[in-house]
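We have chain A already, so just place chain B on it with the hints.
Protein chains in written order, with the numbering used here: chain A, 1 to 164; chain B, 1 to 210.
If you're looking for bench data, these hints aren't it; they were derived computationally from the structure. We treat Cβ as the ideally placed atom computed from N, Cα and C, and that holds for glycine. Treat the hints with care, since some could be wrong.
[What the hints assert, rightly or not] Computed cross-link-like contacts, DMTMM-like style, restricted to lysine to aspartate or glutamate with a CA-CA straight-line distance of at most 25 Å: (1) 115(A) with 91(B); (2) 96(A) with 95(B); (3) 102(A) with 91(B).
[What the hints assert, rightly or not] Cβ-Cβ distance ranges computed for the label pairs, FRET-style: (4) 151(B) with 86(A): 41 to 51 Å; (5) 22(A) with 96(B): 30 to 40 Å; (6) 21(A) with 185(B): 40 to 50 Å.
[Said to hold, decoys possible] Residues from chain A shown here face chain B by an in silico Cβ test under 10 Å; the list is partial: (7) 28; (8) 65; (9) 100; (10) 120; (11) 122.
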Amino acid sequence: MSTLPGRINEPHFDNPRGGSAVLGKSVIVKGQIFSREDLTIDGEVEGTVELQEHRLTVGPNGKVLASIKAREIVVLGTIHGNVETTDKIDIRKDAKLVGDIKTARVVIEDGAYFKGNIDIVRAEVPKPQPAPKPQPVASATAPAPAATGTHNVAAAAGGGDLKR
Amino acid sequence: MWPPLLEAEILNASFHNLEHRHSHGLDQFCASLEERPGLSILDLAGASQSTVSFVTNYGHRLYSDDFVHQLDACFGDGDFYENQSNARKVEHFLETSLTFEDSSFDGVLVWDTLQFLSAPLLQIVVERLHRILRPSSCLLAFFHSEEKIDTIPTYSYRISDHRNIALVERGRRRPAQFFNNRSLEKLFQDFQSVKFFLTRDHLREVIVRR
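If we strip away everything but chain A, and leave its shape as in the complex, we get:
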């Protein structure tokens, strides 16, 4: 009847479905949190929180006094500290965030309180390669380079038909 042996053998970390860990509202953590899965904090955390490729949700009861790094942060409770995401920060109604934000996108709902600096980091969009101008002589002697390729200079020079 016991489920314990079975649970020990379970691969409870590196959840292939990308599960979510939860710090409940009666949990207090002081220190460093590093998570490889999505995390919900509904308790109190003081220190640092890092979930590089995952989403952090600060629940309505959550109070986080920490610097945070994550892919995405959803705030329904309170954060005091600088936050950095590679994707998005979502500050919901009645949430409170005091600290500097560095992110690609930010959503601030009406009724949210925010005090701090917002620095939008725009992802570098690679410049599209100009389409090679077809030249009758070259096209007759050599195959035209693919427009989507990342041609290097040597290839361009060797081909003789790629103009930048």
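Relative to the frame of chain A, chain B by itself:
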């Protein structure tokens, strides 16, 4: 005595009461930024999605603060203006407000917040604004010009585009004092220039260049 709005009332202000208006002052303010990316703008209206999007889409950084909320947090317990002469409360306010390094910003959106500061505190705040602005940069402030009324409508200001703003009602308040052009020139006497736009809805929009 008009009681200050409570924090909860501010946060839960009816966001349905949204007005839109044209703003020459904002137009001038945006022109002063000259489309140079990477500038630092301070917005004292409190964070809103539209202002954040507008400013950051130009490639600028935005520092957002809700100055009225800060005033209420420091002076809202009791008589709002009497508390502004309480040394301990003033000290706390100054420890937590506009505590930036010199020349931190290329523009400050003050909106209507200066109307709710008593004269001595107003002087200190204007000195701080002067200090944190870079030379030749601008601040935008609004002052109600209708002197016959006790309370004035207060708003949370949001930028719709470079010449239009959306106003979210935040109730009414009694201003500390009313300003005319001369008193505003005196208030900003340490700045390079003061430019006024008097609007039909009794609002004096002021562009002040550091």
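Under 10 Å, Cβ to Cβ, is where residue 65(A) needs to be relative to chain B, so tell me if that hint holds or is violated. Check failed: Cβ of residue 65(A) comes no nearer than 17 Å to chain B, outside 10 Å.
So does residue 151(B) sit 41 to 51 Å from residue 86(A), Cβ to Cβ? 47 Å, holds
Does residue 100(A) pass the interface hint, meaning its C-beta sits closer than 10 Å to a C-beta of chain B? 9 Å, holds
Is the straight-line distance between the alpha-carbon of residue 115(A) and that of residue 91(B) 25 Å or less? Within the cut-off at roughly 20 Å; holds.
Would the pair residue 102(A) and residue 91(B) pass a check requiring their Cα atoms to be no farther apart than 25 Å? The hint is violated at about 31 Å.
Would the hint on residue 122(A) be counted as holding, given a Cβ-Cβ threshold of 10 Å to chain B? Given a least distance of 8 Å, the restraint on residue 122(A) holds.
Are the Cα positions of residue 96(A) and residue 95(B) separated by 25 Å at most? 20 Å, holds
Do the beta carbons of residue 22(A) and residue 96(B) sit within 30 to 40 Å of each other? 33 Å, holds
Holds or violated: residue 28(A) as interface residue toward chain B, Cβ cutoff 10 Å? 25 Å, violated
Hint check: is the beta carbon of residue 120(A) less than 10 Å from a beta carbon of chain B? 4 Å, holds
Distance restraint evaluation - residue 21(A), residue 185(B), Cβ atoms, bounds 40 to 50 Å: The hinted range 40 to 50 Å is violated for residue 21(A) and residue 185(B), with Cβ atoms some 60 Å apart.
In the structure shown, a violation is registered for the earlier hints numbered 3, 6, 7, 8, in ascending order.
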